[in-house]
Amino acid sequence: MEAEEVVARMLDREQRMPHTGGRVFLSTHLTPEEAWELMVNDPTAMLVDVRTNEDYRTGHIRGSICIPLQDISNNPFSVCVRKDTPVILYCQMGYKSSIAAQALIDAGYSRVYTIPGIEQYSYPLI
Numbered sequence: 001m002e003a004e005e006v007v008a009r010m011l012d013r014e015q016r017m018p019h020t021g022g023r024v025f026l027s028t029h030l031t032p033e034e035a036w037e038l039m040v041n042d043p044t045a046m047l048v049d050v051r052t053n054e055d056y057r058t059g060h061i062r063g064s065i066c067i068p069l070q071d072i073s074n075n076p077f078s079v080c081v082r083k084d085t086p087v088i089l090y091c092q093m094g095y096k097s098s099i100a101a102q103a104l105i106d107a108g109y110s111r112v113y114t115i116p117g118i119e120q121y122s123y124p125l126i
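Under my numbering, the first residue of the sequence shown carries the number 1, and numbering increases by one thereafter.
Honestly, the hints are just simulated from the structure, not real lab data.
Here the structure is a predicted model, which is why all the values come from computation and not from measurement.
We treat Cβ as the ideally placed atom computed from N, Cα and C, and that holds for glycine.
Among the hints, a few may not be true.
Claimed, not checked - Quick list of simulated restraints, FRET-style, between CB atoms: (1) ASN41 x SER73: 27 to 35 Å; (2) VAL40 x ASN74: 14 to 22 Å; (3) GLU119 x VAL81: 18 to 26 Å; (4) VAL81 x SER122: 28 to 36 Å; (5) ASP106 x CYS66: 18 to 26 Å; (6) GLN120 x GLY63: 31 to 39 Å; (7) ARG82 x THR58: 25 to 33 Å; (8) PHE77 x ASP42: 19 to 27 Å; (9) GLN70 x VAL40: 25 to 33 Å; (10) GLY108 x THR58: 15 to 23 Å; (11) ASN74 x GLU33: 26 to 34 Å.
Please model the entire structure based on the sequences and the hints provided.
Written as structure tokens, this is what we have:
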């Protein structure tokens, strides 16, 4: 393997999500504090857990609803009617929420955000 190829692979790993064929996701990443501020200032904002229903039942962020990634992938329009509604997505580690965010962006949603996964931040879970 040549040096250029090694460097390109390293950059790909650092800048892109694994298992996506090198696709770059276009959602905006928020800190938990920024997400909270958005939800306080815009009561239409939705906090969506994209994990499975079973995972959601084991513990989730207060105020979130569960719409599994598979459901969003199959029908992104089921999330909400207005495409300008702020949608904040999270999952376990951040990977599935990035995929869900891109599905919503591809479907025309304009205010799509992700926050760190529940294993990346110490959210109080209910």
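The hints, checked one at a time:
Distance hint check: the CB atoms of ASN41 and SER73 are about 30 Å apart, consistent with the given range 27 to 35 Å. For VAL40 and ASN74, the Cβ-Cβ distance of about 32 Å falls outside the hinted range of 14 to 22 Å, so the restraint is violated. For the hinted restraint 18 to 26 Å between GLU119 and VAL81, the CB-CB distance of approximately 32 Å leaves it violated. One distance hint, 28 to 36 Å for the beta-carbon pair VAL81 and SER122, holds here, with the actual separation near 34 Å.
Between ASP106 and CYS66, the C-beta spacing of about 21 Å keeps the proposed range 18 to 26 Å intact. Against the hinted window of 31 to 39 Å, the Cβ-Cβ separation of GLN120 and GLY63 comes to about 19 Å, which falls outside the hint. Between ARG82 and THR58, the C-beta spacing of about 31 Å keeps the proposed range 25 to 33 Å intact. With their beta carbons about 21 Å apart, PHE77 and ASP42 fall inside the hinted range of 19 to 27 Å.
Separated by about 30 Å at the C-beta atoms, GLN70 and VAL40 satisfy the suggested range of 25 to 33 Å. Checking the proposed 15 to 23 Å range against GLY108 and THR58 shows it is violated: the Cβ atoms sit about 33 Å from each other. The beta-carbon spacing between ASN74 and GLU33, approximately 32 Å, falls within the hinted interval of 26 to 34 Å.
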